[in-house]
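For chain P, the structure is supplied; the task is to place chain Z on it using the hints.
One letter stands for each residue in the lines below.
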Amino acid sequence: MKRVAIVLPSPFRRECWRSPLRGPWLTSVLGAVLLAGIPIVAVTGLLSYAAYEPSLGRNNLIGDPGLLDFYVFSWPTSPSWLYALTQGLHVTVGIALVPIVLVKLWSAMPKLFEWPALRSPAHALERVSLALLVSSTLFQFATGILNAQLYYPWRFSFLAAHFYGAWVFLAAFVLHAVLKLPTMRRSLRQRRLLDELRRGLDETKPETGDSALIPAAPSAPTISRRGVLGLTGGASLGLLALTAGQSVGGPLREIALLAPHGRDLGSGPNDFQINKTAASVGITSAQTGDAWRLRVAGGPRPLELSRAQLLALPQHSYELTIACVEGWSTTQSWSGVRLRDLAAVAGVETFDELYVESVQRGGSFRRASLSVSQASDRRALLALRVNGADLSADHGYPARIVVPALPGVHCTKWVSLLEFRGTRA
Amino acid sequence: MSLHRVYGAGALHLLSTLAALAVAAYAFTRIFAGAQPANVVAWFAGALVAHDLIAFPLYTALDRLARGRRMRGVNYVRVPALLAGLSFIVFAPLILGLGDGRYERATTLSQDVYLGRWLLLCGALFAASALVYALRARRR
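Line order of the protein sequences matches chains P and Z. Under my numbering, the residue at position 108 of the first sequence is numbered 108, and the numbers go up by one with no gaps. Under my numbering, the residue at position 24 of the second sequence is numbered 24, and the numbers go up by one with no gaps.
Bound conformation, chain P alone (with noise of 0.2 Å):
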């Protein structure tokens, strides 16, 4: 019989890999970034879906509670800034580390290709870990920039499957995290990052030791290693300054070319981001119009109040941040009633629970429940202006939701009853 040599197709062979720069110090450094980055992006992610009260009312989006939609605080009203703070930061990292996590996989790509494919359960194991890791690393990155541009091509809720994906997520990025922290720390003991910063083209050298990310048989450099690192950092620098300005405001709005939220809608009052126009939900002037009167219920004194009796009752203006889930914020002065002078009129004294709704027909986000503490803080207010003028039907005419840290998708707008449950005589 003759014996037949089976000859690999070409990447699963060692020698496929040339690139003289792979190897187990240069994907330490860009896991060590990512050490610190990932814990930025997911805390703040979860801190968002706390910050939405899913315990309250039809709050919760995401499905049946299940064992992992835990959150433990009630979401606080100051700093004011709290949200757009920590949804900002989940944004704007998340799109800063885009480099860092693409330049690691190319840096780890010869692990996919491997052989023998399979040495023993463990490596099976780890193997079915590590393409959990990497698809939901892609998926729960490219869930959330997409949806940061409203663009949704799938047919899954983005909430549910960017929040139960994250926890796919977490699970295999704890674990890569802990049975490769050994591997890092000596990786990264074998050169020293200022060293490194200092070599040029001339003197890069392949990595030294056994690691499969070595090449066998490396080509010449084209490049430095301070010039990939030096890249992949200035590519995340690059894509900070397209995005920051989207939520810091300032000067650093007109840097931020690309973002779907970076730019000036003109100087008026009411010139400042839209998340849902009027005319995008449906809103008519009929339905807004001299006919709309707001309803408080809930209280011993039901009520039925017209714009122009809210303009009578005692109006406080506040600067408030309304910050979206999609990364950006506004800083605006909002003024109206305070939420909790209208408990007092409705002759609500305690309540669980302020349930708002919007004319708005349609749409998860046409109704909001609001903890005690959000509607009795003394800024939360039922918003009637903007900076010295009446709200525009886009920001919400004649009355919204504009309360210190809510979320922007709970500051409802347009909105028709406010309900105070729970309440007690």
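By construction, these hints were calculated from the structure, which means they are not laboratory data. As the structure is a computational prediction, the values presented were derived from the model and not from experiment. Careful: at least some of the hints might be erroneous.
Pulled a few chain Z residues facing chain P out of the computed Cβ check, cut under 7 Å [to be verified]: (1) H13; (2) A24; (3) F44; (4) A106.
Covered by chain P, according to a simulated footprint, are these stretches of chain Z (three or more residues, beta-carbon under 8 Å) [said to hold, decoys possible]: (5) 4-12; (6) 15-21; (7) 31-42; (8) 45-58; (9) 73-84; (10) 96-104; (11) 117-129.
Using N, Cα and C, we set each Cβ at its ideal position, and we do this for glycine too.
For chain Z alone, kept in the frame of chain P given last:
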């Protein structure tokens, strides 16, 4: 027979891997609960295939093409090309005007500006790289 010989690693490895896989599997059941499971799986698997088996070989081949002819100053092409590509994949929906006008309806803003802005960004990146290349070539 020891666990190490059968399994290939220690008990801690086995337990932590099983724990992570169990949590991930539970999370998947939760995503499936409110969606078409096939579509969710397609997105997770598709992301893996799109990166590992399409994007990675593609950019590797492009890079080999660029440096295969021992092109001088290959990094002056690589750097702006990589930055242009990266900004494209991150902001592709805006640049390509995807989403059936949802962005415009929601924000009152036109999506059309992003293609132009991205092209100008590319122009600036390549021009800056050319300038640096020319200055350095002259100094040598």
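So, going through the hints one by one against the coordinates:
1. H13: OK, holds: H13(Z) within 7 Å of chain P, min 6 Å.
2. A24: holds (4 Å)
3. F44: holds (5 Å)
4. A106: holds (5 Å)
5. 4-12: Holds, because 4 residues of the region 4-12 of chain Z bring their Cβ atoms closer than 8 Å to Cβ atoms of chain P.
6. 15-21: Held - the region 15-21 of chain Z has 6 residues with a Cβ nearer than 8 Å to chain P, which meets the minimum of three.
7. 31-42: holds (count 7)
8. 45-58: Since three or more residues must qualify, the claim that chain P covers the region 45-58 of chain Z holds, with 7 doing so at under 8 Å.
9. 73-84: Holds: 6 residues of the region 73-84 of chain Z have a Cβ under 8 Å from chain P.
10. 96-104: holds (count 4)
11. 117-129: Held - the region 117-129 of chain Z has 3 residues with a Cβ nearer than 8 Å to chain P, which meets the minimum of three.
Going through the hint list in order, the structure satisfies each hint without exception.
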